Structure formats: C-alpha cells, structure tokens
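Using the hints provided, position chain F relative to the given structure of chain U.
Line by line, the protein sequences are chains U and F.
Each residue of the first sequence is one higher than the last, beginning at 1 in this note's numbering.
Each residue of the second sequence is one higher than the last, beginning at 1 in this note's numbering.
Hints may contain errors.
Claimed, not checked - Keeping only pairs whose Cα atoms sit at most 25 Å apart, straight-line, the calculated SDA-like set for lysine to any residue is:
1. Lys99/U with Gln80/F
2. Lys99/U with Lys127/F
3. Lys130/F with Lys177/U
4. Lys110/F with Leu95/U
5. Lys110/F with Leu40/U
6. Lys177/U with Phe84/F
7. Lys109/U with Ala66/F
8. Lys207/F with Gly27/F
9. Lys99/U with Arg113/F
10. Lys109/U with Lys207/F
11. Lys128/F with Phe47/U
12. Lys109/U with Lys127/F
13. Lys105/F with Thr120/U
14. Lys130/F with Leu40/U
15. Lys109/U with Lys110/F
16. Lys110/F with Gly120/F
17. Lys99/U with Leu49/F
18. Lys99/U with Asp63/F
19. Lys177/U with Gly235/F
20. Lys99/U with Asp81/F
21. Lys99/U with Lys110/F
22. Lys130/F with Phe46/U
23. Lys177/U with Asp81/F
24. Lys222/F with Leu192/U
25. Lys128/F with Ser103/U
26. Lys109/U with Arg113/F
27. Lys109/U with Asp63/F
Stated by the list, open to error - With beta-carbon atoms standing in for the labels, derived distance ranges:
28. Tyr11/F with Glu13/U: 49 to 55 Å
29. Ile65/U with Lys127/F: 37 to 43 Å
30. Glu13/U with Met1/F: 32 to 38 Å
31. Leu224/U with Tyr11/F: 32 to 38 Å
32. Lys105/F with Ser153/U: 42 to 48 Å
33. Glu54/F with Ala50/U: 40 to 46 Å
In short, the hints are calculated from the structure, not lab data.
Only a predicted model underlies this, so the values are computations on that prediction, with no experimental measurement involved.
Heads up, the beta-carbon is just placed ideally off N, CA and C, and yes, glycines get one too.
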Amino acid sequence: MTCWNEQMPAHGEREAAISAILEQGLAPRQGLAATLRTALDVRVLFFGVADCVFLSVLAAVLMLILLPAAALQMMYPAPILFLISPALYALLLGLTAWKEAQSGLLDWKRSCRLSVRTVTALRMVVFGGSSLLVWVPANLWLWKAMGGDLPLSWMLGISLSSLFLYGLLSLICLEGKGRGRLIAPPVIWVALGGLLLMWDRASAWLTALPGVVFLALAGGALALYLLELRRFCLGRRRGEAYAFS
Amino acid sequence: MLSVEHVTKRYGKFTALEDVNLAFEPGVYGLLAPNGAGKTTLIKLLATLLFATEGQILWDGEDINALGAEYRGLLGYLPQDFGFYPSYTARQFLRYAAALQCLPKGEAEKRIRELLDTVGLSEAADKKLKTFSGGMRQRVGIAVAMLTNPRLLLLDEPTAGLDPRERVRFRNLIHALSTDRIVILSTHIVSDIETIAGQIVMFKDHKLYCCDSPARICAQWKGKVWQVPAEARLGPEQLILSEGQSETGPVLRVLSDVPPAGAVSVVPSLEDAFLAIYREEGRA
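With the rest of the complex left out, here is chain U (with noise of 0.2 Å):
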C-alpha cells in the first residue's frame, strides 16, 4: 500500500486555492438591478398589451369622472375610496396578464432569456406607479370638490393603503396556480369593498380612523409590496431562486 508523506496545504491556502478555482470557474451571474435595467424597455414591457393599457386608462377615466357624484351622494366616502382606488391598478395587470394568458406565446417566453417574472414584476411597478400618479391628484380634485369636508392626508391614506394592500394582495395569489390567481384579487377586493358599502357600521369605523393610521398602514403594505415583489421576481416563494440569474 502506497504511504503518502506529502506536506498538505494549510488552512488559509486551501481556503484561498478553492476560492480561486471558483473565481476562475464560475461565470459571474446578472445581478438583479442589472436584469430588471435590461427589462426596463418599452417594447419588453408593454409589446401586445397596449389595447389593455389603452382600455384600462379609458375605464379609470371614466371611474374618476363618476367619482366625485358617488362620493357628494355618500355619508361615509371612506369605502368608496378603498374600493376603487386599486381599479386601475388591477385593469392594468388583470387585463395584460389575461392577454398573455390567452396569446399562446407563454411557453415560449418562458424559455427566453429575460424571465416572465422579472418582466411581469417590472409591469407591477410601473402600473403601480402610474396609478399612484393618477391617484394623488384625484385625491386633491376629490378633495376639492368635497369643499375641503375631509382631511386631505386621511383621503390620501385610504387611497394609498388601499392601492398597496391590492397589489400585496394580487402578488400573493400570482403565486397560486391556475386561473383563480388573476381572478381572486379582484374578487376579493370588490367583495370587500361591497361588504364596507353595505355596512354603516364599518364605513362610519373606517371615517373615525386618523388618517395617520391609513398613511402608516400605506407605508407598511407599500414596504411589504416592494419585498414580496422582490421575492417573486427572484422566485424565491417557489424555491426556485437558484435557477434564476
């Protein structure tokens, strides 16, 4: 039997060798922000869908026009507010999700470079962007039109906790499957927001909250979106965060 006296490396050099035979082995992987720059193109995002973003900002027109005249014949306009705040929100991503569903072009883009993910998530952001940019003035202009009754940041806190509750809402059934997941969200929501309508008593609980609660509960559900679309966007919910770079 062959006795081996060769000397073995120390600690540090073998630790140091390993991490230079990685270095040299392992191609460096795109990092997130580097994936989502590289998605952050017009034609990536919105190529096939503009009918549904054209048709979904007509609705949200129409609803803003309507909004005022609803909210002046209500004594409580807190949930009208929680009701059709997300509206245009989930338009844009309930329409463009149900015309990829039905393009037949889904497996293919599942196999492209670029994830169906990644390119879903980046359309979250920007809808939830435009809708909180449409959302701030219709705010003021609903404000407005109330004669100033009600305290603008407490309007704006019902709208904006509503707005990121939605989107928190519909990325946790995106990670469903089958069809239910696009059309729970919205289910749910309208359910809700119909149960608040119906109810006095809750709409007159929801008006006696300070709207330093919706604003903080806002900026919470805004924090746990951007997390959670983080995680979706890294598969990490699926366990399949390993195969994504």
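Structure of chain F alone, referenced to chain U:
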C-alpha cells in the same frame, strides 16, 4: 453535451415519463410516438418549463435548472400551437423576441434580416401576422427560435396543421439549420423525420423504447413485413400495418413472422416499424 439521467415526471398519480436516460450530441433527433406518450413532457422538461420529479437533465455536466438564464440563452424553443400577435408584423415580432432574449439592438437587426431571408419571409417581413398562412407563421416561429443561434433547438410538433407542401419546406429548413447544434423534434408523423433525423427516440408505456438510427430501427423488422393483395385471407397472427396501391391494384402491408399465402417480402419502412411497435396501443 445534453444528457437526460434517470428522469421521471409524474403528475399526481399519473406517470408521464419513467426513468428516461438519453444523451444528445449535435444532430437531428426525432421524438416519435403516438399522442400522449410523453413527447411534449420531455420537450418541456428540456425547455425548463417543467421540473423532473426524479432524475436530472445536464448540459455539459451542469443541471439545466441551476444554469437558469445561461441555459435559456443557448436554447431555441418552438412550442406546439405557437401563438402570435395578429396586429404586429413579422419583423416587429422578431424585434420583440430579440429584446426578450437580451440581444443588443444592432446585432438583433442583422440577425433578423438573415433569419427572415433563411425562412423565406424577407418580402413578407413587414406584413401583419394575421395575413400569414399557418406555414408562414411556423416559419416565423422557427426564426424566433433561431434568434440566438441556439446550440439546442426544441421543436414540439412543428408540422401539425401544415399542408404537404409546407411540411416539405419546413423539413428542408430544419435540415439546413441542423448543422453544429442539437435539434430535437417531436412528432407523430413518420414522414416528418424519417429523412432528416439521424436518431429516432421512441417511447412506449411512458418508458424509453429505443434511441437509434432509422435504418437500425427498420432493420429489426426485416423479413417480417410482407405485401399481399387486398383480398388475401390473413390469419389471426398476421397483422395489417397499412393499405396502399400497387400497379396491380390495392395491397396490404402485413406484419408476420411467416409469409402469408401469395405474399411478397418488402423492405420495412419507418412507418411499418412505428405501426408494428405501437400495434397494441392502436388496438386498445
């Protein structure tokens, strides 16, 4: 280069593929099996659209799922029922595909021009896809799959729904594109692959039945395929493979260990082999 190692795919209690082992080198491989045999499942596993329940698929020794975007970058995939956006032109769609494949704009434009020329769509490049025939759309699909000059090209039933002329054209196109890359083409139409595939992969009972050249698969049935006049009486052990026409009238091709009365021995074709291999499934 690409190896499938002990891959099993189950959907709940249903086993779509069981313990499949395959190794692919550059060349054309035809996945030939009846519908439901697991061809699309294997293609989807190779395209990383599905995860194997057991086993692994390796590209140059590395797990394809771990390679992620790196693997997807060297993969060209044309799915069954490839969709399209009717209001966009072929060139616009290819530009979109190039963006999804992260190709730089200049390089993409050059590649799109070359590919449109290769698939014979240069003149129709700026026409809307809704005006294209099924064959033209499939050629757009091939151009899309070839954008990154992939080392692995996966084509899932690419000739389904095409007329014979388009099928021949498509076959010639695949043959022309098959140099220095692995082309895996799934079909249940024998004529699609018998002339272009170097290796035929067959599945039976959701297991790998064979991976061999068409000539060797046919050779297994040598001396067992016969041609008899259509009115000939056949015994229960003699199986009719197909019907056809000869100069003397209608004839039957028959599978039998012993020659039926009045039979003439014929060279087994890949279609004969296919029908012989899947004879039990046809009866079921």
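Verification of the hints:
no., hint, result
1, Lys99/U with Gln80/F, "holds, 19 Å"
2, Lys99/U with Lys127/F, "holds, 22 Å"
3, Lys130/F with Lys177/U, "violated, 31 Å"
4, Lys110/F with Leu95/U, "violated, 34 Å"
5, Lys110/F with Leu40/U, "holds, 23 Å"
6, Lys177/U with Phe84/F, "holds, 24 Å"
7, Lys109/U with Ala66/F, "holds, 18 Å"
8, Lys207/F with Gly27/F, "holds, 23 Å"
9, Lys99/U with Arg113/F, "violated, 29 Å"
10, Lys109/U with Lys207/F, "violated, 29 Å"
11, Lys128/F with Phe47/U, "holds, 15 Å"
12, Lys109/U with Lys127/F, "holds, 23 Å"
13, Lys105/F with Thr120/U, "holds, 22 Å"
14, Lys130/F with Leu40/U, "violated, 28 Å"
15, Lys109/U with Lys110/F, "holds, 22 Å"
16, Lys110/F with Gly120/F, "holds, 16 Å"
17, Lys99/U with Leu49/F, "holds, 20 Å"
18, Lys99/U with Asp63/F, "violated, 33 Å"
19, Lys177/U with Gly235/F, "violated, 53 Å"
20, Lys99/U with Asp81/F, "holds, 16 Å"
21, Lys99/U with Lys110/F, "violated, 30 Å"
22, Lys130/F with Phe46/U, "holds, 19 Å"
23, Lys177/U with Asp81/F, "holds, 21 Å"
24, Lys222/F with Leu192/U, "violated, 72 Å"
25, Lys128/F with Ser103/U, "holds, 16 Å"
26, Lys109/U with Arg113/F, "holds, 22 Å"
27, Lys109/U with Asp63/F, "holds, 21 Å"
28, Tyr11/F with Glu13/U: 49 to 55 Å, "holds, 51 Å"
29, Ile65/U with Lys127/F: 37 to 43 Å, "holds, 40 Å"
30, Glu13/U with Met1/F: 32 to 38 Å, "holds, 36 Å"
31, Leu224/U with Tyr11/F: 32 to 38 Å, "holds, 34 Å"
32, Lys105/F with Ser153/U: 42 to 48 Å, "holds, 46 Å"
33, Glu54/F with Ala50/U: 40 to 46 Å, "holds, 44 Å"
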